[in-house]
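Given the sequences, and given the hints that come with them, work out the whole structure.
Order-wise, the sequence lines are chains A and B. Counted from 1, the first sequence has number 218 at position 218 by our numbering; the numbering is strictly sequential. Counted from 1, the second sequence has number 47 at position 47 by our numbering; the numbering is strictly sequential.
Everything labelled a hint here was simulated from the structure, so no lab data went into it. None of the values given here were measured: they were computed from a predicted structure. Even glycine gets a Cβ: it sits at the ideal position worked out from N, Cα and C. Be careful, since some hints might not be right.
Between beta-carbon pairs, the in silico distance windows are [stated by the list, open to error]:
1) A:Asn434 x B:Asn70: 25 to 33 Å
2) B:Lys122 x A:Arg18: 22 to 30 Å
3) A:Gly260 x B:Asn70: 54 to 62 Å
4) A:Leu240 x B:Lys122: 27 to 35 Å
5) B:Gly39 x A:Pro304: 36 to 44 Å
6) B:Lys122 x A:Ala256: 41 to 49 Å
7) B:Asn289 x A:Lys425: 25 to 33 Å
8) A:Gly364 x B:Asn70: 51 to 59 Å
9) B:Pro249 x A:Ser338: 50 to 58 Å
10) A:Asn434 x B:Val263: 37 to 45 Å
11) B:Thr61 x A:Trp196: 51 to 59 Å
12) A:Asp332 x B:Ser20: 22 to 30 Å
Below, simulated DSBU-like cross-link-like pairs (lysine-lysine); rule was C-alpha separation at most 35 Å, straight line [to be verified]:
13) A:Lys426 x B:Lys134
14) B:Lys87 x A:Lys426
15) B:Lys86 x A:Lys426
16) A:Lys19 x B:Lys86
17) B:Lys128 x B:Lys87
18) B:Lys122 x B:Lys134
19) B:Lys87 x B:Lys65
20) A:Lys19 x A:Lys3
21) A:Lys426 x B:Lys128
22) B:Lys258 x B:Lys224
23) B:Lys122 x B:Lys105
24) A:Lys425 x B:Lys134
25) B:Lys223 x B:Lys66
26) B:Lys223 x A:Lys3
27) B:Lys134 x A:Lys19
28) A:Lys93 x A:Lys73
29) A:Lys19 x B:Lys171
30) A:Lys3 x B:Lys171
31) B:Lys105 x B:Lys171
32) A:Lys73 x A:Lys157
33) B:Lys297 x B:Lys223
34) B:Lys223 x A:Lys426
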Amino acid sequence: MNKLRLIIAREYMSIVGRKSFIILTLLFPFLMIAIGSIPILMAYMNDKGDQMQQIAVIDETGRYAAALPNDNKFNFVAINGDTVTNARDFYDKSKGSISAVIIIPRDVDSTGVVNIYSEGTIIPALESTVKNALTDTIESAHLAAMGIPNLQQIVDKAHVNIDIHAIKWSDTGDEEEASTDIALFLGIILSLIIFWFVFFSGTMIMNNVVEEKTNRIVEVVVSSCRPFHLMMGKIIGVGLSVLTQMAIWIVLLGIAGTIGGSLLGVSGAVPSPDMMGAGAAVTPEVEGEFASFMRQALAINYTPIIINFLLYFIEGYLLYCAIFASLGSAVDQASDTSQFLTPVMLLMIFSFYAAMGCAENPDGPMAFWCSIIPFTAPTVMMVRLPFDVPIWQIILSHVLLIITALAIVWLAARIYRRGILSYGKKASFKDLFNWLR
Amino acid sequence: MAYLDINNVVKRYEGHTALSGVSMEVPEGCIYGLLGPNGAGKSTLIRIINRIIAADEGTVTLNGKKMTDNDITHIGYLPEERGLYKKMKVGDHIVYLGRLKGMTKADAVASMHWWLDRFDLKEWENRKVENLSKGMQQKVQFIGTVIHRPPLLIFDEPFSGFDPVNAEQLKVEILALRDQGSTILFSTHNMASVEEICQQITLLNHAQVVLTGSVDEVKQQHKKNIIAVQTPDTVEPNPEMFTLLPPDPVRKSDTRIKLAQGVNARDAISWLNERYHLTGFTEVLPSMNEIFIETVKSKNTENNE
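Here you go:
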């Protein structure tokens, strides 16, 4: 036991004590934020980079051209319909200074059709700008034409925007607001975390084993301890370093959350409920959505999710990392691992896609079986968990997973103790099978 | 009473037998050579003694008691293929190996300092292993082997990779450890070093012991009754007493005679002394190298027949 502790401590320090670990752990969240903000940044650059486009508007009705709003992208220029008999000629004559011609036909009120002509592609932003502007304007014009006083206000009042609130009946008879979206999102994130960390640690363990074998330290070490201790020490040491990394990120997230929360709290105090009906139409709506998000997020029962997450993480980690360790022991150099790695990778990728597939239907038969089968259980069950899985299924899945993980560790140790001492000959699956006996 | 007693050890792998009934007695406080060509089973036997692998049959007794897993703390093992964790600091690495062998942290640190000092590696204590030259890494490995002062030391090709100066230092250290009472099992191909430091040997070939005994005994057993005589005269052959051999390629001036059956060296020398002016004579004993090659070759021929 003492030796196992020593080995764990060495493995742990060899990872956590490295400068690159500390730097990467602290930088990773910022890196993720940077990667996440690239699309936004690109959209912003697009907006900035585009030249102002001149759009000719031929308004045969003579009433609606003014409704098209000029912005930093489009400049709408109304042209007297009578002077232009052929739109194509007009476009050609402009020699590229006009990028599109919009024709609002005389019968637009009845048909509701507006044409945009161009030799280039018509970008979606132009289509939606024109559509939104004309729809509203023509609609108001129709209402006004009916001659009923205050009709616009009547219609505005009648207009509703249906907001779905999912209410969950709890056993005690209380009603809780729950959002399937938030729960699902949480499940997928946790499932992804398990997948990613197990995969990441597994390959790291495998490469460490190969490295110990190739630099021949392994024979010195196993003359002082059992090969099983070396293998488990490595698996546990790497596992603890991963948990350390997670803990650091949770602390960072907590700090970021507190700072973010206090900032939001200041701005959130401005639109108080009695102000909502007044002028600012946008802020209360956003605020309401945020409040409902927070209400729903808080309604999720986190305790069982966190406990199960840790259990599934540890069990799945043990299961897969033992396999990775035994594979590393079977080869002489890292590049030889691919033949053994392929089936394990397929299994892992399947478990990942199974989890994503089960997000569609977390109570279906596929979700059920994949959350019971040990190799897919950790990722799939995490997706199912927010949807109140029957307790017997959770227990069954844990029990099967623990039994399988221990069996795999035992088998992996048998391969490992033979593998680390065999050099030169490239092992085959047949050899691995022989080593098991 | 032997310190390490190996009794009828058998180890089989799929398809071949690595050791078929090997027995060996290593007395306390001696340097014992374990010899044999590649694939003879030396490494397998050493791994069994180290309890890295288990024997299928037979027993290993250490100091009169059957070995258990706890006994590996009494062994220091320097494998032929040896390495270190490249990213660890020299001092930490040595302490780690010492603690794996059951030392307390304080003992391991004190011992580490003592040995680093002895090998002039003191200023390297806080450097990473990867910054050391190969020769220095070999010294660190040696220190890692002896740090816990084990009563039994097993060296597998300890001199490979050492330059002559460092090899000499290592030899001095090994002899010093023996003088302090350690028993040393020494596996090598280098027969010159066997003659220099081993008292006893066992030669393995094809998973079996083919030769065993003290170095002197073995040499006596294998002597060919050859005498090298130094004389300025030309010696004529005397078929009843000896035949003349072609001169030794190295010592060309010597006259080499091979005694006939039943003739003892004293009679031959006095016979020669009466007729020629002798300036010296020595009995030619075979080198360990010759004995090794001869034994391995003859056994191989036997096996092929």
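Hint-by-hint comparison with the structure:
1. A:Asn434 x B:Asn70: 25 to 33 Å: At 30 Å between Cβs, range holds.
2. B:Lys122 x A:Arg18: 22 to 30 Å: 26 Å Cβ-Cβ, so the 22 to 30 Å window holds.
3. A:Gly260 x B:Asn70: 54 to 62 Å: 57 Å, holds
4. A:Leu240 x B:Lys122: 27 to 35 Å: 33 Å, holds
5. B:Gly39 x A:Pro304: 36 to 44 Å: Between Gly39 of chain B and Pro304 of chain A, where Cβ atoms are some 59 Å apart, the hint is violated.
6. B:Lys122 x A:Ala256: 41 to 49 Å: Distance hint for Lys122 of chain B, Ala256 of chain A holds at roughly 47 Å.
7. B:Asn289 x A:Lys425: 25 to 33 Å: Holds, since Asn289 of chain B and Lys425 of chain A (Cβ atoms, about 31 Å apart) stay within the stated range.
8. A:Gly364 x B:Asn70: 51 to 59 Å: For Gly364 of chain A and Asn70 of chain B the Cβ distance comes to about 55 Å; the hint holds.
9. B:Pro249 x A:Ser338: 50 to 58 Å: 54 Å, holds
10. A:Asn434 x B:Val263: 37 to 45 Å: 59 Å, violated
11. B:Thr61 x A:Trp196: 51 to 59 Å: 52 Å, holds
12. A:Asp332 x B:Ser20: 22 to 30 Å: 28 Å, holds
13. A:Lys426 x B:Lys134: 28 Å, holds
14. B:Lys87 x A:Lys426: Cα-Cα ~27 Å, so holds.
15. B:Lys86 x A:Lys426: 25 Å, holds
16. A:Lys19 x B:Lys86: Satisfied, since the Cα-Cα distance of roughly 15 Å is no more than 35 Å.
17. B:Lys128 x B:Lys87: 6 Å, holds
18. B:Lys122 x B:Lys134: 17 Å, holds
19. B:Lys87 x B:Lys65: 39 Å, violated
20. A:Lys19 x A:Lys3: Roughly 26 Å between the alpha carbons, so the hint for Lys19 of chain A and Lys3 of chain A holds.
21. A:Lys426 x B:Lys128: 32 Å, holds
22. B:Lys258 x B:Lys224: 7 Å, holds
23. B:Lys122 x B:Lys105: 19 Å, holds
24. A:Lys425 x B:Lys134: Roughly 27 Å between the alpha carbons, so the hint for Lys425 of chain A and Lys134 of chain B holds.
25. B:Lys223 x B:Lys66: 38 Å, violated
26. B:Lys223 x A:Lys3: 51 Å, violated
27. B:Lys134 x A:Lys19: Holds: Lys134 of chain B and Lys19 of chain A sit about 26 Å apart, inside 35 Å.
28. A:Lys93 x A:Lys73: 22 Å, holds
29. A:Lys19 x B:Lys171: Measuring from Cα to Cα gives roughly 40 Å; hence the hint is violated.
30. A:Lys3 x B:Lys171: Holds, at roughly 31 Å.
31. B:Lys105 x B:Lys171: 29 Å, holds
32. A:Lys73 x A:Lys157: Given pair Lys73 of chain A, Lys157 of chain A holds - Cα atoms ~33 Å apart, limit 35 Å.
33. B:Lys297 x B:Lys223: Holds: Lys297 of chain B and Lys223 of chain B sit about 17 Å apart, inside 35 Å.
34. B:Lys223 x A:Lys426: 45 Å, violated
In this structure, the hints that do not hold are numbers 5, 10, 19, 25, 26, 29, 34, in rising order.
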